[in-house]
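Engineer: Listed here are the chains, written in short residue letters.
There are 2 protein chains.
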Amino acid sequence: MITDVSPVVDCGRRPAKAVQDEMVPVAARVFTDGRKVLRTRVRWRSLATPDAPWQSTPLTPGLEDWWHGHLTIQEIGPAEFVIEGWEDAFQSWRNDLVRRIDAGIDAEPDIDSGWGLLETSLRRLRAPHRFRLAEQARTARASGRELQLRFLTDETLSARLSEIIPVSGLSRSTPLSLWVERPRALYGAWYELFPRSQGSDGVISGTLLATADELPAIADMGFDVVYLPPIHPIGHTGRRGRNNSQVATDQDPGSPWAIGSEMGGHTAIHPDLGSLDDFRTLLEAATSQGLEIALDYALQCSPDHPWVTAHPEWFAHRPDGSIRAAENPPKRYDDIYPLDFGCRSWRSLWEACYGILEFWIEQGVHIFRVDNPHTKPVAFWGWVVRRLHRLHPEVILLAEAFTSPAMMRELAKVGFSQSYTYFTWRTTKDQIAAYLAELSRESVDYLRPNLFINTPDILTEELQRGGPGAFRARLVLGATLGASYGIYSGFDLAEGTALHDGSEEYLDSEKYQLRPRDFSGTESLRPLVSRVNQIRREHRSLQQFRRLDFHWSDDPALVCYSKSTPAMDDVVLVVVNLDPWSTHESTIHLDLSRLGLADGDPYLARELLSGEDYVWQGPHQFVRLNPARYPAHILWCSR
Amino acid sequence: MITDVSPVVDCGRRPAKAVQDEMVPVAARVFTDGRKVLRTRVRWRSLATPDAPWQSTPLTPGLEDWWHGHLTIQEIGPAEFVIEGWEDAFQSWRNDLVRRIDAGIDAEPDIDSGWGLLETSLRRLRAPHRFRLAEQARTARASGRELQLRFLTDETLSARLSEIIPVSGLSRSTPLSLWVERPRALYGAWYELFPRSQGSDGVISGTLLATADELPAIADMGFDVVYLPPIHPIGHTGRRGRNNSQVATDQDPGSPWAIGSEMGGHTAIHPDLGSLDDFRTLLEAATSQGLEIALDYALQCSPDHPWVTAHPEWFAHRPDGSIRAAENPPKRYDDIYPLDFGCRSWRSLWEACYGILEFWIEQGVHIFRVDNPHTKPVAFWGWVVRRLHRLHPEVILLAEAFTSPAMMRELAKVGFSQSYTYFTWRTTKDQIAAYLAELSRESVDYLRPNLFINTPDILTEELQRGGPGAFRARLVLGATLGASYGIYSGFDLAEGTALHDGSEEYLDSEKYQLRPRDFSGTESLRPLVSRVNQIRREHRSLQQFRRLDFHWSDDPALVCYSKSTPAMDDVVLVVVNLDPWSTHESTIHLDLSRLGLADGDPYLARELLSGEDYVWQGPHQFVRLNPARYPAHILWCSR
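Chains as they are written, first to last, in our numbering: chain A, 40 to 678; chain B, 40 to 678.
Simulated from the structure, these hints should not be mistaken for laboratory data. Please read these numbers as outputs of a predicted model, since none were measured by experiment. One or more of the hints may lead you astray.
If several chains are the same, the list does not tell them apart, and a pair holds so long as it fits within one copy or across any two.
Keeping only pairs whose Cα atoms sit at most 16 Å apart, straight-line, the calculated EDC-like set for lysine to aspartate or glutamate is [unchecked claim]:
| # | residue 1 | residue 2 |
| --- | --- | --- |
| 1 | Lys-468 | Asp-618 |
| 2 | Lys-468 | Asp-593 |
| 3 | Lys-75 | Glu-366 |
| 4 | Lys-75 | Asp-379 |
| 5 | Lys-370 | Asp-145 |
Given the sequences, and given the hints that come with them, work out the whole structure.
Structural biologist: Here it is, written out as structure tokens:
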């Protein structure tokens with residue numbers, strides 16, 4: 040019997056997620072009737088290429104019939120794996136024999152069965168072992184019972200024979216599917232900025248070329264992805280002014296999410312930002328800096344979008360013939376018309392929406408941040424993802440769905456590579472531990488969190504009240520808890536002024552106006568950001584999300600956790616002071632087994648922010664964190 | 040989207056278990072894109088009869104997209120259910136409209152959509168409601184906007200319309216299967232006895248007819264099932280003597296599990312016990328007492344079993360041609376040959392094994408306690424169960440598999456109606472709470488525990504050391520925690536002497552000798568057993584296993600839990616003193632919501648053992664339990 044095989048998503052109806060060369064943990068319960076000795080292995084192959092070979096590795100037994108192992112796939116695309124189990128007939132016979140002998144039962148009549156099993160096994164053994172063993176067997180069998188027994192019960196013999204995989208009597212789990220993406224789908228540091236603010240004086244719009252000039256600084260900070268809000272023409276109808284005011288002046292650029300004007304729609308570039316050539320230049324600049332550009336995929340239109348006149352059938356009309364603007368009462372968005380994905384002409388609409396992706400992929404964009412996917416049918420996303428997987432498996436989709444857990448999980452299962460999460464609002468020690476435990480265990484096989492710390496829409500109360508100290512603490516949390524995390528420009532200046540008390544909107548939000556910034560000041564968090572991103576790059580345990588463990592600390596303001604590689608050859612322990620105002624000192628109590636350490640032995644704890652080395656011993660350690668100096672300890676632990 | 044539907048076993052590959060008229064809880068996550076108002080229902084039908092009608096009931100929404108409800112099936116046999124969800128278009132429209140009005144948005148252009156939706160809905164509404172509503176609608180529509188709005192936004196209107204199930208736009212989960220058995224599969228009190236001891240003087244064997252004479256006393260104790268160890272002829276070869284000694288005298292009757300002699304095998308009755316007619320008499324006596332007889336189904340043979348000579352091919356032979364006796368080194372059972380279910384002639388063997396069941400079913404036996412099913416292939420049991428389900432769906436199989444959790448669960452999934460558990464060895468408060476929580480939640484949809492407190496093989500250390508006090512406490516635990524529980528004769532005399540220290544075998548075990556008993560003594564636990572079984576019969580909450588909740592008590596020796604019906608119309612609270620030697624008094628802290636009670640209100644707590652009434656208020660109550668007097672409180676709680 041082979042049961043409880045993992046990773047599995049929706050009983051195998053959906054593929055589990057992996058990235059190239061990721062060590063994917065595999066587990067199953069394998070058991071049988073009677074007292075037989077079992078062997079198991081996991082076999083897998085990529086389905087991206089027609090005749091990729093099967094690979095396999097044995098599983099190791101744990102408690103209560105559990106068997107564990109890992110698989111690793113190199114190719115992007117679909118893959119499958121199965122668990123196989125079989126009886127090690129010779130080992131079973133040997134163990135029973137030994138038990139009988141120990142119990143003083145006459146073993147005589149059983150020896151011949153042993154020789155029989157040995158012969159069958161030998162046939163399947165690879166040369167030269169086969170010949171050597173056969174030779175030794177002949178000699179032993181010719182000798183007395185005593186020597187025969189010693190030979191047959193020899194542990195090295197049974198160990199050698201247990202490597203044999205039998206031709207028959209093998210039981211196999213139903214194949215389960217995996218979807219393998221490039222590593223960036225799992226690991227990356229994201230930086231969000233508005234191109235129109237780059238090189239702007241606050242009055243004249245910035246440009247894509249000016250954005251290109253900013254890239255070296257962002258690359259220096261150690262980011263991997265630069266995400267741009269919509270760069271398309273912006274509508275005039277219902278345009279919002281500063282701070283989302285209903286009336287806009289001629290100077291107000293409007294919200295980039297009000298996509299489309301007489302200058303074009305989702306495949307056009309806002310003339311103020313530059314040309315398509317400029318955009319290609321930006322892409323090249325990014326590539327040369329080791330950066331990747333991510334675009335916004337926001338499926339909605341301003342009333343001036345070309346589609347409104349060319350394809351009125353794609354919008355929901357009211358009885359009076361008017362198109363209803365987007366709204367989430369009491370909120371209204373007069374500058375936005377939602378698309379009606381369930382309209383009669385849904386086929387042509389869906390094709391047109393996919394066409395947008397196709398267009399930008401052709402330009403060289405391979406990452407898209409998807410705006411509010413939960414307000415469109417899941418069936419549409421399934422259709423989009425299936426096509427992307429077939430045509431552009433390298434494309435990464437990030438779901439911006441701040442909605443119910445069930446919908447967020449469903450979108451991830453349908454194939455979004457990454458998802459925004461509630462991390463932003465998990466602020467206390469218990470909230471962080473509980474939520475991250477959920478993300479790194481329950482849903483880890485299909486939902487990859489991208490722990491954005493702030494966004495143009497989300498300036499949390501914690502950041503508003505906590506000052507730079509809170510920004511530093513959240514930075515370390517996001518960057519060390521998540522394999523992927525992100526910040527929105529201005530975070531690195533600790534911008535924390537809200538539109539009004541109780542609001543998560545920024546005062547003078549960049550969504551409605553140009554926001555040139557000066558990062559040269561001493562207040563800049565960029566040095567810390569750079570250091571933290573560098574640590575992420577130097578430590579593989581921070582580049583994965585499956586192995587995250589929380590440890591106990593006496594002080595509720597100190598959250599303590601560790602990440603480790605499966606081989607335990609990189610282990611990083613993090614302690615963060617969640618109180619941005621005062622120094623906290625307390626004892627932390629480490630689960631050393633999670634750090635790959637033995638209780639008695641001393642071990643090195645290297646503070647990666649300060650560079651100091653500590654030699655620790657045992658699970659109980661004293662830490663002291665002054666938020667004015669360091670928000671956290673990031674400790675590399677090693678024997 | 041409809042996800043996380045339950046009850047579900049192995050992704051729907053196996054049916055979930057239910058009994059006739061059981062209120063089976065159903066749950067699912069149902070959600071959609073956007074802000075639509077959803078309705079859901081569960082539909083089910085029996086598949087036992089070709090054209091059984093679909094039944095349905097609406098589900099009620101909970102947190103995070105969860106919907107909950109119940110289904111109930113009357114017919115024994117297979118059944119199926121689906122979850123359906125749809126948008127309540129009119130309600131969605133109404134809520135948006137109200138939001139808009141509250142937000143001061145012009146509702147004017149939306150009113151007509153409302154009338155449109157109303158018309159479509161009306162067509163599907165049942166008369167006379169339809170006519171009345173249509174009439175009211177006409178009037179309202181003819182009047183001014185003000186009245187129109189009031190009519191359309193009226194809550195009773197939308198409530199009425201939300202009862203309508205649309206023809207299209209309905210989404211449906213994949214059907215899941217259930218297997219429905221008669222209530223005895225879930226609920227029952229079992230009593231195990233050896234017929235050969237009934238009416239015996241210790242030298243001459245008891246009989247089936249003498250056993251029939253014992254039934255009234257057992258029925259008076261409130262038991263439902265009388266389970267008999269094997270009643271077949273017993274082999275002579277390797278017969279065990281008293282206390283499992285290797286040498287047997289002529290007086291020693293041998294172990295009933297060493298089945299088969301020249302007098303016959305699994306379909307024969309031991310001549311000392313009587314004839315097949317006597318057995319039929321016993322069955323009739325049982326029926327007249329409202330009792331049911333359960334037989335032992337032990338698929339193994341004594342060396343003298345007719346099969347050994349008639350079908351040597353059904354046994355595993357050693358190279359020297361001998362058949363190996365059963366063994367679990369260092370233990371040996373020279374009196375037993377195991378059957379080789381994987382032998383070449385497995386088909387005829389499996390048929391013969393099934394034939395045994397068929398024979399006794401014909402005699403009128405419908406419950407079998409299956410001996411060590413985990414030492415036979417699971418595939419065999421699957422085959423047996425499929426045939427039984429087809430030919431004799433009323434038959435109940437109890438699995439005696441004390442083995443790994445995975446195998447125990449697998450056997451339950453394959454279709455055993457009930458399973459022995461580890462309950463016997465869970466003795467501390469934490470062990471009991473953790474294990475019973477697992478049984479009543481994780482595996483409750485397919486594994487039905489039968490909480491046997493002792494067996495001829497298992498006299499736990501707790502019972503050996505605890506004296507009558509321990510017996511009383513375990514009795515209350517088994518009888519009130521489990522919907523099914525059982526005791527083996529002698530428990531009701533608090534027999535607690537082990538073969539030797541550290542052994543769970545009885546001294547002078549009835550497995551190897553006759554054990555006539557006198558229950559007339561004052562030491563007898565029968566009065567308490569009767570009382571407890573009577574309480575079980577009077578309280579439906581004790582006849583089910585899905586709704587069991589543990590409550591906090593300050594004293595580690597006091598375990599506190601409650602059981603309740605889904606309608607909360609029967610709630611029983613139990614507090615057991617696990618210390619058989621001393622009185623414990625302490626405060627218990629009740630989760631009143633689990634008792635269907637409100638915090639402020641006083642409630643009646645009727646002590647069902649003593650008959651005393653208490654009026655309690657609030658969650659914190661003081662209890663005092665003297666094991667010499669009462670081992671426990673069994674409190675019926677009511678407003």
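Engineer: Now look at each hint and say whether the structure bears it out.
Structural biologist: Now the hints, each set against the structure:
{"no.": "1", "hint": "Lys-468 x Asp-618", "in the structure": "within (11 Å within a copy, 40 Å between copies)"}
{"no.": "2", "hint": "Lys-468 x Asp-593", "in the structure": "within (11 Å within a copy, 28 Å between copies)"}
{"no.": "3", "hint": "Lys-75 x Glu-366", "in the structure": "between (65 Å within a copy, 13 Å between copies)"}
{"no.": "4", "hint": "Lys-75 x Asp-379", "in the structure": "between (61 Å within a copy, 14 Å between copies)"}
{"no.": "5", "hint": "Lys-370 x Asp-145", "in the structure": "between (87 Å within a copy, 13 Å between copies)"}
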